[in-house]
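What follows is the residue order along each chain.
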Amino acid sequence: MQIFTCPFCGPRSETEFHFVGDFPKPRPDGMAKVSAETWSDYLHNQNNPKGAASELWMHMACHEIFRMDRHTVTHEVTGSYALSSEAQS
Amino acid sequence: MTAYRVATGGLVDRSKTIRFTFDGKTVEAVEGDTIASALLASGVSIVARSFKYHRPRGVWGAGVEEPNAIVDVSGPVSLTNARATTVLARNGMIVCSVNAAPTAVSDRNAFIDRFARFIPAAFYYKTFMFPTWSLFEPSIRKMAGLGTIVPEGAAVPAADQVNVGCDVLVVGAGPAGLLAALRAAETGCKVILCDDGFAVGGSLLHRSCSIDGMDGRSWADETVARLHALGASVLTRTTAFGIYDHGLVALSQLDAVNGRDRLWRVRPGKVILATGAIERSLPFANNDRPGVMLAEAGLAYLKRYGVAPGRKVVVATNNSVGKATADELSALGISVTLVDSRNGSEIATVNGAKHVESVTLSDGSTITCDAVLVSGGFTPTLHLYCQAKGKLTWDETLQTFVAGAPVPGISVAGAAAACFDIALVVDSVRLALSQCEIDAGNTPASALSLPAFDISPAWPKAGQSGRVWIDLQNDVTAKDIELAARENFVSVEHLKRYTTLGMATDQGKTSNLAGIALMASLTDRSIPEVGTTTYRPPFTPVPFTSLSGARQETMLNPPRRLALEEVHRVMGARLMEYGGWIRPSHYGEGPMEEAAQREALAARESVAIFDGSPLGKIEVVGPQAAELLDFVFYNSMSSLKPGRCRYGLILSESGLVYDDGVVIRVDENRFIVSCSSSHVAGVHTMLESWRQDRFSTDKVFIHNATTAYATVTLSGPKSKAVLEAAGLVIDDATLAHMTTSEVSLGDLAVRVTRVSFTGDRSYEVSVRADQAERLWQLLSESGKPFGIAPIGMEALLILRAEKGYIVIGKDTDGTTLPMDLGMNGPLKSKRVEFSGNRSLLTAEATRPDRPNFIGLEVMDDGGPFAPGAHGIEMTEGRLRSLGYITSSYHSPTLNKPIALALIERGYSRIGDIIEVQHLGARRRARICAPCVFDPEGDRLNG
Chain W
1 MQIFTCPFCG PRSETEFHFV GDFPKPRPDG MAKVSAETWS DYLHNQNNPK
51 GAASELWMHM ACHEIFRMDR HTVTHEVTGS YALSSEAQS
Chain X
90 MTAYRVATGG LVDRSKTIRF TFDGKTVEAV EGDTIASALL ASGVSIVARS
140 FKYHRPRGVW GAGVEEPNAI VDVSGPVSLT NARATTVLAR NGMIVCSVNA
190 APTAVSDRNA FIDRFARFIP AAFYYKTFMF PTWSLFEPSI RKMAGLGTIV
240 PEGAAVPAAD QVNVGCDVLV VGAGPAGLLA ALRAAETGCK VILCDDGFAV
290 GGSLLHRSCS IDGMDGRSWA DETVARLHAL GASVLTRTTA FGIYDHGLVA
340 LSQLDAVNGR DRLWRVRPGK VILATGAIER SLPFANNDRP GVMLAEAGLA
390 YLKRYGVAPG RKVVVATNNS VGKATADELS ALGISVTLVD SRNGSEIATV
440 NGAKHVESVT LSDGSTITCD AVLVSGGFTP TLHLYCQAKG KLTWDETLQT
490 FVAGAPVPGI SVAGAAAACF DIALVVDSVR LALSQCEIDA GNTPASALSL
540 PAFDISPAWP KAGQSGRVWI DLQNDVTAKD IELAARENFV SVEHLKRYTT
590 LGMATDQGKT SNLAGIALMA SLTDRSIPEV GTTTYRPPFT PVPFTSLSGA
640 RQETMLNPPR RLALEEVHRV MGARLMEYGG WIRPSHYGEG PMEEAAQREA
690 LAARESVAIF DGSPLGKIEV VGPQAAELLD FVFYNSMSSL KPGRCRYGLI
740 LSESGLVYDD GVVIRVDENR FIVSCSSSHV AGVHTMLESW RQDRFSTDKV
790 FIHNATTAYA TVTLSGPKSK AVLEAAGLVI DDATLAHMTT SEVSLGDLAV
840 RVTRVSFTGD RSYEVSVRAD QAERLWQLLS ESGKPFGIAP IGMEALLILR
890 AEKGYIVIGK DTDGTTLPMD LGMNGPLKSK RVEFSGNRSL LTAEATRPDR
940 PNFIGLEVMD DGGPFAPGAH GIEMTEGRLR SLGYITSSYH SPTLNKPIAL
990 ALIERGYSRI GDIIEVQHLG ARRRARICAP CVFDPEGDRL NG
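Quick mapping for you: the protein sequence lines, in order, are chains W and X.
If you read the first sequence in my numbering, its first letter stands for residue 1, the second for the next number, and so on.
If you read the second sequence in my numbering, its first letter stands for residue 90, the second for the next number, and so on.
Simulated from the structure, these hints should not be mistaken for lab results.
Hints are not guaranteed to be accurate.
Said to hold, decoys possible - With a straight-line cut-off of 20 Å between C-alpha atoms, the simulated PhoX-like cross-links for lysine-lysine are: (1) LYS401/X with LYS443/X; (2) LYS985/X with LYS892/X; (3) LYS443/X with LYS141/X; (4) LYS50/W with LYS478/X; (5) LYS105/X with LYS392/X; (6) LYS401/X with LYS33/W; (7) LYS33/W with LYS917/X; (8) LYS141/X with LYS215/X; (9) LYS443/X with LYS215/X.
Work out the full structure: start from the sequences and follow the hints.
Okay, here's the thing in C-alpha cells:
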C-alpha cells in the first residue's frame, strides 16, 4: 500500500483516497456555446502520462480535494498541495 | 534400501513419540519431526506421484523449496497442498498424498507414464481438439491440480494483521542475518528479524562451524538472547513474502498465537536480505527417482532430525560446497561415494523403477547405492531484491545470478550475497551494514578457513539421452525445453509459459536456472542473455485468511443498522439488506408477498408507520448554499421559499440521472438535501467536489447528518389524526404538503416534513437518533385507536409504484436522462450552469426515439409481468427490443397487476398496445401513464 500525504491530515494509506482526475481540469462552462468535441473531451479524455503527473485526489476522511504530483511509473510522490477556492474557476 | 533414523543425534526430542497416518498407514515420529523427516525415518520412499506422468517421487529438499512432497492434512489441522517439509508432525494427523489414488505407493494412474511421449509440454494446444475440446476438458481438468479442498474441514481462525515500523528489517536468521541484526540492535536500531524456519539458525542448524569460540548453534541461541535483551523482535515461521511500493514489506507468520496466523505490514527504514541460497540439481537421466535428494537437504535431515538418507549414498556435485557436504556426511559415519564433475566424473542415469538402486556414470561404470544427493550449485534467494526492481547480474565464476546495482534501502548479506562459505559471511555482513549506514563494530572470529567457492558448469545439454528432469513439480524435462526452442518459444517468459517451467507451487526454486541454461545453449546465447522471468510476490503461498484478516463473514461488507432495529425485531419484522442497510422487508410470519399486500392495503385504508431513517439528510449551509444547490441539482433550488420542499434530480456531468430526492429549505442559508439511502456517500462526495471547485469554501459548508437523526414516517388518511393524538397541533394551513417545520412532540424536539412517497397524506418526523425509540413508541401508541400498522420496504415499493414514483437504479439505469422521465422544464428555463447541462444538448440526448418512463397495463389474466421483460417489435423480419419493464407488482389497491417501464417513444404512444416477451413467452400490454392511482393527487390532502 502506498502512502499519500493529505495536506491537512498528513501521511495516510492510499486506501483512504479517491482519484478525482487531472490537475487542472477546468470545466467548459457556456452550455450551447461549448462545442460537442470540447464537452466530450472534458467528459472522456484523461492525460494519463507515463512519468510525472499532476493529479487531483480527495482524502475521503476529511473530504478535502488537493493536488498531488506523482510519478506514474515509479509511484514516487513528489508533492501534495492544498487548493484554495480562489485558485479555481 | 531407503532412509532411516540413526541411533542418536538430531535436534528432535526422541522421548516424545507422535503417531500420524500417511495414505492410511500409521507412521511413528518424534517431536520436532516434520512430516517429511518422519516419513523418511520410517523408510517411506514414495511420498507422491508427479503431476502429469504420475511417476513415483520421494522427498527432495528440507524446506520451502520442496517440489515433490505435497500433502493434504486433516485432523488437528486442515491443510491443502502443504509441503511436508514445512509442516510439523502432530498426533492424530491424517496425511494424504496428492495426485495419487488410492495411495502414492500404488497409484492406478501410474500407467500414464508409458504414454509420456504423447503428452509433452503444451500438448493441450495441439491435441484433444477433435471434435471439440470441451469433450475432453472435464476429464483433463479433473486430473490437473494436486490437493483437494474439503469444505467441511476444520475452520481456520481469522488472522491478525499488524502494522509496524522499524529501523532495520533483517530477513533470514542464519549466520548472516543473526549477525546483521545483532550489530544493528547494538547501535540502537529498532530491529525486526524474521525467519521462515521453526527455529532460527539457518545453515547453522546443520553445518559444523565455530563462531566466537562457540559452535554455530550455541552462538545462534546466545545471539537470540542478546537480541531480545536489546529489544529486537525475533520472529520464526515468518516469511517476508513481498516488497511493495513506498517501502512496504509484508510478512506472513504462521501460527503466531493460538493457531492464528498473523500478517505483518512493515515499513522498515532499511532492509537487509540474509535470505540464503537454494541448491540446484544436476542433469542426468531419471534424476527424479525417489532416493534422489538435494545434498544440503540430506545433511539437514541427518543433523536436524537424525535421519540418514540411505546406507550407501552417492554424492554427485560440481562444486566445493557439495564436496564439503559429502565430507561432513562421511565424518558422521555415512557411507559416501563422491562423484565430482570437476574430476570428470558424472552420473549418466539413475537405475531403479520405484527407488534408486544404482547409478551408471558417463564412463559406463555402475555404483550400487540407495540414495543420490545432488549439488549442482547455489542460487542466491533474491526474490525481494528483484521485486524492488533490483537487476540481477550473471557471475561467471560462481555460475549464478547475483544482485547487481544496489536498490536504495536494501542490502544483501551472506549466501544471498553469494558468500557460500560461512567464513566469508562476516565480511559480507560488514558490507551490508555499511550500505545501511550502520556501524559494523567488532566482528566475531570464525574458525573455519575454507578454500574459495569453486564450481564447474554442469548444465543440461541438448540431446542428452534419457529423460532428464528440470522442473519436478510440473514434470518438465530437458526435451520439453528443446521442444520450446524448436517451436521458437525462446524468450524466457515464453519458455516459462509454454513448458510451465517454474509455474508450480515451488515457483521453480530449484529448477529455473537449469532450464534457462539449457535454453541458452540451444539458442546460442549466454545465460544472462536469456535472463530470468519477472519476480512477483508472494515468495511462498500466503493463506487467504492472512490477507483478509478481520474482513470475513459479517465483517466482509458490514451492513448498516437502524437505531430502531431491536424495536423492529420485537415487532416481528423480517430483516433484509436494502442498499447496504438492514431494514424490515415486512412484518409477521408468513410469505413476504402476502404481508406486503396486506401492509400496503392497511397503509391506504388507515395509517402506516415506517422507518425511513436511512434516507439521506445532508445539510448544506451558508450564504452560497442556494447557489451550490442550483448547480448540483437539475431543478432550481434557489427559488425555493424557506419552510418549503421541492423534489429534484441530481445529474452526473454526462447528464445521467444520478439520484433523486427532496430538498428542504429550512431558512435562507440552510438546506437539507435528502437522497436515496444507497447514494448518500456519493451525493455527499459530489456536493463536496462542486463546493470546493466552484464556490467559496468559507461561504458554504456540507454536513452529512444522515445517521444523526432517525426518521419515522406516518402515511395514510389517518396520519394527521395520529400526530394530533400524539400532541401535535397542526393544520393544513400551517403545514401544507411539501412544507416543513420544527416542533415539539412532548419533550421531543422534532422536524416534521409533509412529503409523500406513497401518494397519501404523509409526514416524515425526524428526531435525534438516540431518541428514536421514544418517538416510535409515542407514535405507535397514539396510532393504536386508528389501527396503525407497521409497513416494510416491500409494501412501500408497491405503494410508490401505484403512483408512478421512480426508484433510482430500478426505474433508471446507466443511460437514463431527465427527459426520459418527462422532466424537461429545467432544461428550458434554467439560466445558470448546472451539473450535466451541456450533455443534455447532445445528439444522443435529443434523439426522438429515446426511452420514456411509462406504465403498462396487463391485458390478460397472467398476473404481473416479469421485471426485466422486454417490449418487442418486429422490424424488417428481425426481433427488436423497445425497452424493458423496470417495476412490476400486484396492486392491492386496484386489485390488478401494474407495471412501470422504459419504452422507446413511450410518451407519444400512450394507449398503444405492444408485445412483451419474457423467456420466449409473449404477452400484450397497453402503454399508459405511470401513475395509475389518484392521478389528481387528492389523497395527498385526504
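A quick look at each hint next to the structure:
1. LYS401/X with LYS443/X: holds, 17 Å
2. LYS985/X with LYS892/X: With a Cα-Cα distance of about 14 Å, the restraint between LYS985/X and LYS892/X holds, given a limit of 20 Å.
3. LYS443/X with LYS141/X: holds, 17 Å
4. LYS50/W with LYS478/X: Satisfied, since the Cα-Cα distance of roughly 17 Å is no more than 20 Å.
5. LYS105/X with LYS392/X: Given that 20 Å is the threshold and the Cα spacing comes to 18 Å, the pair holds.
6. LYS401/X with LYS33/W: Since the Cα atoms of LYS401/X and LYS33/W sit roughly 92 Å apart, the hinted pair is violated (cutoff 20 Å).
7. LYS33/W with LYS917/X: holds, 16 Å
8. LYS141/X with LYS215/X: Cα-Cα ~16 Å, so holds.
9. LYS443/X with LYS215/X: The hint is violated at about 31 Å.
The earlier numbered hints that this structure contradicts are 6 and 9.
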